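Chain B: place on chain U using the hints.
Listed below are the residues making up each chain.
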Amino acid sequence: MEILLGFLTGLFWGYIFQRARILRFEKHIGLLTLKDFTILKFLLSGVIVGSFGVNLLAQFGVISYAIKPTYLLANLLGGIIYGLGWALLGYCPGTTGGALAEGALDGFFGLLGGLVGAIVFAHTYDFWKEKVLTIGALGKTTIPSLIGVSPALAGLIFSLLLIGFCLFLERKGL
Amino acid sequence: MNRGWSPYLGGFLTGILLIVSVVVTQKFLGKPHYLGTSTAYVRVAGLLEKAINQGSEALSYYQKYQPKVDWKVALVFFGVPLGAFLAAVKNGEFYAHLIPARWKESFGPRPALRALTAFLGGFLIVYGARLAGGCPSGHGLSGMSQLSLSGFITVAGFFIGGIPLALILYRRRK
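One line per chain: the protein sequences are U and B, in this order.
Per the numbering used here, residue 1 is the first one in the first sequence, and the count goes up by one each step.
Per the numbering used here, residue 175 is the first one in the second sequence, and the count goes up by one each step.
One chain only, chain U, in its complex shape:
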């Protein structure tokens, strides 16, 4: 059941990725060189729906959260390392396999690198855990809990802000 659900979810997502051009090297590099905002528009419209929907459904107890804990230094440092790799590869962990399936054979080397990266991380995890994951460890912190508003309201406001940002991008012709 678990495997089937994961597979089906991926099937839909891969189809969406391909149709929306999210698998293309050009689109990722276009974003990082600030020329083509396709990937950002895709991510933000996912968050617009997600932020509104997830927080509303959680308010009514239909679903529960799965908040990733905050580790200030590890989040930032890991994010930056990711960013460097992103500029080199031009795909992300979720889209590399899709890019390969669309015919981008360099994706194969990206996948291979990713698996080796995971193995090396597993061997170095204890170091990070001891030295870096202890810095700025704030637990499962959310923005609504920091500013003291209800998650459902914060989710709605955040969605509206992102819609405003997308309208701004379109008005600027970006």
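None of these hints come from the bench; they were simulated from the model.
Warning: the hint list may mix true and false statements.
[To be verified] Between beta-carbon pairs, the in silico distance windows are:
id: 1; chain 1: B; residue 1: Val243; chain 2: U; residue 2: Lys35; range: 21 to 31 Å
id: 2; chain 1: B; residue 1: Lys205; chain 2: U; residue 2: Gly139; range: 38 to 48 Å
id: 3; chain 1: B; residue 1: Phe268; chain 2: U; residue 2: Leu112; range: 16 to 26 Å
id: 4; chain 1: U; residue 1: Gln59; chain 2: B; residue 2: Arg347; range: 29 to 39 Å
id: 5; chain 1: U; residue 1: Lys172; chain 2: B; residue 2: Ile226; range: 50 to 60 Å
On a predicted model such as this, the values are computed, not experimentally measured, just so you know.
Glycine included, each C-beta is placed from N, C-alpha and C at the ideal position.
Only chain B this time, still in chain U's reference frame:
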């Protein structure tokens, strides 16, 4: 030429997929599964390493993320590629190539250089994502949708690392 879907439509459908997935997995698997991909690399890496390196499963990171085919592995390594492949073939867009056109514009047609860079990029995105605790799906889409502080910091890191390097790498066009 077929230009595919608007990124807003793709993102909207992704947001819906996120919500449906969380509702369905919470109901049928007992625990909400938010979309995310980089953990899948750890599971597969663990399986691969176990085959060649006896005793590697004792590593604390493989204890935390046990090597097995789970929901995310089915999603990332089977669902997404198949969905993308079906979409590409159905729309006549499957195109086998090793070097993306935009890469060639800056670095020329050398296959070994592209393969090596893709490998290194893949290594860094997964290594960085595991240090940060997630990728653009886990921290970006799912994390920001839940208004999680870690999501916003990590996504900022993606761009802090990625934009300057991409601007340097791809500035030059041959």
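Hint check results:
The beta-carbon spacing between Val243 (chain B) and Lys35 (chain U), approximately 39 Å, falls outside the hinted interval of 21 to 31 Å. The hinted window of 38 to 48 Å between Lys205 (chain B) and Gly139 (chain U) is violated, with their beta carbons roughly 19 Å apart. Against the hinted window of 16 to 26 Å, the Cβ-Cβ separation of Phe268 (chain B) and Leu112 (chain U) comes to about 21 Å, which satisfies the hint. Checking the proposed 29 to 39 Å range against Gln59 (chain U) and Arg347 (chain B) shows it is violated: the Cβ atoms sit about 50 Å from each other.
Look at Lys172 (chain U) against Ile226 (chain B): about 52 Å separates their beta carbons, and that is inside 50 to 60 Å.
Consistency with the previously given hints fails for numbers 1, 2, 4, ordered from lowest to highest.
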